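Engineer: Each chain is listed here by its residues.
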Amino acid sequence: MTSGPTAYSFEWAAIWRGLPYLIEGAGLTVLISVVAMVLAVLLGLVLAALSQVPGRWAQRLVRAYIEAFRNTPLLIQIFIVYFGLPQLGFRLSPFLSGLSALVLYAAAYNAETFRAGLEAVPRGQHDAAASIGLSPLQAMRHVIVPQAVRISFPALGNNLVSLVKNSSLVSTIGMVELMFVANDISFNNFRTFEIYGAAAALYVILVLGLTRLLRLAEVRLARAS
Amino acid sequence: MSMGRRGILWVTLVAVAAWLGGAGPAEAQSTLEVVKKRGKLVAGVKTDFPPFGYVDAAGKNLGFDVDVAHLFAKALFNDDQQLELVAVTSGNRIPFLQSGKIDIIIATVTVTDERRLVVEFSAPYFLSGSLLLVPKASPVNSLDDLAGKTVAVVQGAIQDKDVEQLQPKANRVKFGKVSEAVLAVKGGRADAYAHDDILVLTLAKENSDLRAAGKPFIPRPYGIAVRKGDTGFIKWVDGELAKMKKDGTYDRLWKKYFADVEGQLVKP
Chain Z
81 MTSGPTAYSF EWAAIWRGLP YLIEGAGLTV LISVVAMVLA VLLGLVLAAL
131 SQVPGRWAQR LVRAYIEAFR NTPLLIQIFI VYFGLPQLGF RLSPFLSGLS
181 ALVLYAAAYN AETFRAGLEA VPRGQHDAAA SIGLSPLQAM RHVIVPQAVR
231 ISFPALGNNL VSLVKNSSLV STIGMVELMF VANDISFNNF RTFEIYGAAA
281 ALYVILVLGL TRLLRLAEVR LARAS
Chain V
1497 MSMGRRGILW VTLVAVAAWL GGAGPAEAQS TLEVVKKRGK LVAGVKTDFP
1547 PFGYVDAAGK NLGFDVDVAH LFAKALFNDD QQLELVAVTS GNRIPFLQSG
1597 KIDIIIATVT VTDERRLVVE FSAPYFLSGS LLLVPKASPV NSLDDLAGKT
1647 VAVVQGAIQD KDVEQLQPKA NRVKFGKVSE AVLAVKGGRA DAYAHDDILV
1697 LTLAKENSDL RAAGKPFIPR PYGIAVRKGD TGFIKWVDGE LAKMKKDGTY
1747 DRLWKKYFAD VEGQLVKP
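Those sequence lines, one after another, are chains Z and V.
Note that the working numbering numbers the first sequence so that position 184 is 264, with each residue one more than the last.
Note that the working numbering numbers the second sequence so that position 83 is 1579, with each residue one more than the last.
Keep in mind that a hint or two might mislead.
What the hints assert, rightly or not - Here are the simulated DSS-like pairs of lysine-lysine, each with C-alpha atoms no more than 30 Å apart in a straight line: (1) K245(Z) x K1657(V); (2) K1533(V) x K1673(V); (3) K245(Z) x K1673(V).
Keep in mind that the hints were calculated from the coordinates and are not lab data.
All figures in this text were calculated on a predicted structure; none of them were measured in a lab.
Chain V on its own, in the form it takes in the complex:
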């Protein structure tokens, strides 16, 4: 390589570094205004997380979170169809929000201090502990039984850290999606799969070869999330949630989606 080419390479690298280093915060715009102008709310929801976000055989999005998204669209435009649903996972939902692919995350986001640093959270709208999903015949009945065993978790979900802390002797294996973690338990790849209680209970109900094990551990609230600094939008979300709780909509959704596992959930 000649000196000339090497020189150009260095100039380019320095320029890129300077550009990246200098990219400072710009004026944050209110998403609420943008959404109203656009005439459509773009919400990130789960597709593999019954009963909060899932799809039926026809590919239609269903679930508690999906209903909330429709109610938000209705509140904004008086039409619950002025809504675009984007499928997200535990791992990619916050990057999707940060990169502007979605306006809002309504996807079983557990409120944690780390996440508070990067998004604005609404008031809690659900309380979830964690449970273990195990094969029906498994001897596992609690986290204590998992020393030296393999536990599946989903990347980006809080159970990854919870299991590390509560059962450091377990070997965690991480997957990108709920369905893959379930397959890992079914195929004997993992002795248990740790995730939110409501999901585990629903999966146990839907899969006759699996059961829920343990008592719900570390209950934490779910929050709806918008971009950091977008305080106008999160206030609007909180206002809508408060209205839903007051006018009975929230109770109706609760009964619609949680009635048959209600007894096993942690009450908010």
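One chain only, chain Z, in its complex shape:
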């Protein structure tokens, strides 16, 4: 667009100097991501279960929740919780603000994923469960949910990977996680390519670790059934 950038020489030293801080930041990324994952999976399960309750109200409520949180940018949700709610007299700490926004957002995706899983279990399974004398609740617990979880697992994995990457948005509210540290370092030493490159590599490592764990869990689930 404009004249070419001036000559750039890659500086490994900038990465080595920044790495301890980046790793420290990655620690908070892991913490907030893991806590958010657990809560978002639980909330997603609850919402998906609610969506199966007979009667229109529960379904409508879940639908409204999913549409509200899936159709708005996560960044706006983070800003509403962090900047907006205090004006209504409701102030969460930065960590809880970021965490709750991540959980509410990811839970909407997880709920959709679990709902799809539940609805993918063949109708015959419900009938079969009923025919051996299980109550609808028992059938859910012992027959339908285990199958639904297995069906929805790959899609759930994608949601969780997104969650780790989306956690970078909490850097905007002063949470000193990986993205924040990368900004902080590069805004001061101006080694943009090196520092964001190193941060990207750390995200890759985190996500590869996560996908490996998910893979193990998937194999286990398959074996358990």
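Dock chain V against chain Z, hints included.
Structural biologist: The following block gives chain V in isolation, referenced to the frame of chain Z:
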């Protein structure tokens, strides 16, 4: 993974490392020539930093720095509209310059030794200390009052380091934009927001629930910045600034933008 695939991975990594390691300085071209040939100056200005760079309700860029950019375009092309303004923040302005997205930074850049290593600075064109923006009813009146309190700063702005040095007992919380730091003070997220005096005074004037606190600390000059090694361009900038000071343009801009807070500023 088979040995073959692993081998390919290593070869790729080594090749990338060698390429990165070998990327040495090439011949720097004069931005002034490029700009003239292009017929348009691309300047990075602030959009959230009144009265230096801000936007009005219609989205039009205004401010001291914006006027300077227009004057530069006029000097280059005899048309102050042969100019493209790019919004920058304290954090991204130098990367924008380095990556060639803009030709020049006219965006309240405080001259520091660290920044001198990566850009060329013009002669100073403004002198700014730092002040605190606090809620109207706040008991805070100086940096001393901020021990154990939370202070908002903007990432990449000098106050981040200044507050760390002058009030190490304060807990700094950093934001990407001025507007976010202001919101943090309004929402009680931070007890004070430290930034350039001229900005704080203007924000205090515009927000009746906020006030400026403290005496301006560590006054430092603002400079216009171009890419490192671009000495021809920075000489041209210095020449234009000198002309503006001589022919009264600078004084006119000063009155236009700083008249009502003039008494509280550090005079250059």
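Engineer: Work down the list of hints and note, for each, if the structure agrees.
Structural biologist: Right, here's what the structure says about each hint:
1. K245(Z) x K1657(V): holds, 29 Å
2. K1533(V) x K1673(V): violated, 34 Å
3. K245(Z) x K1673(V): Roughly 22 Å between the alpha carbons, so the hint for K245(Z) and K1673(V) holds.
In summary, the structure is inconsistent with hint 2 from the numbered list given earlier, while agreeing with all the others.
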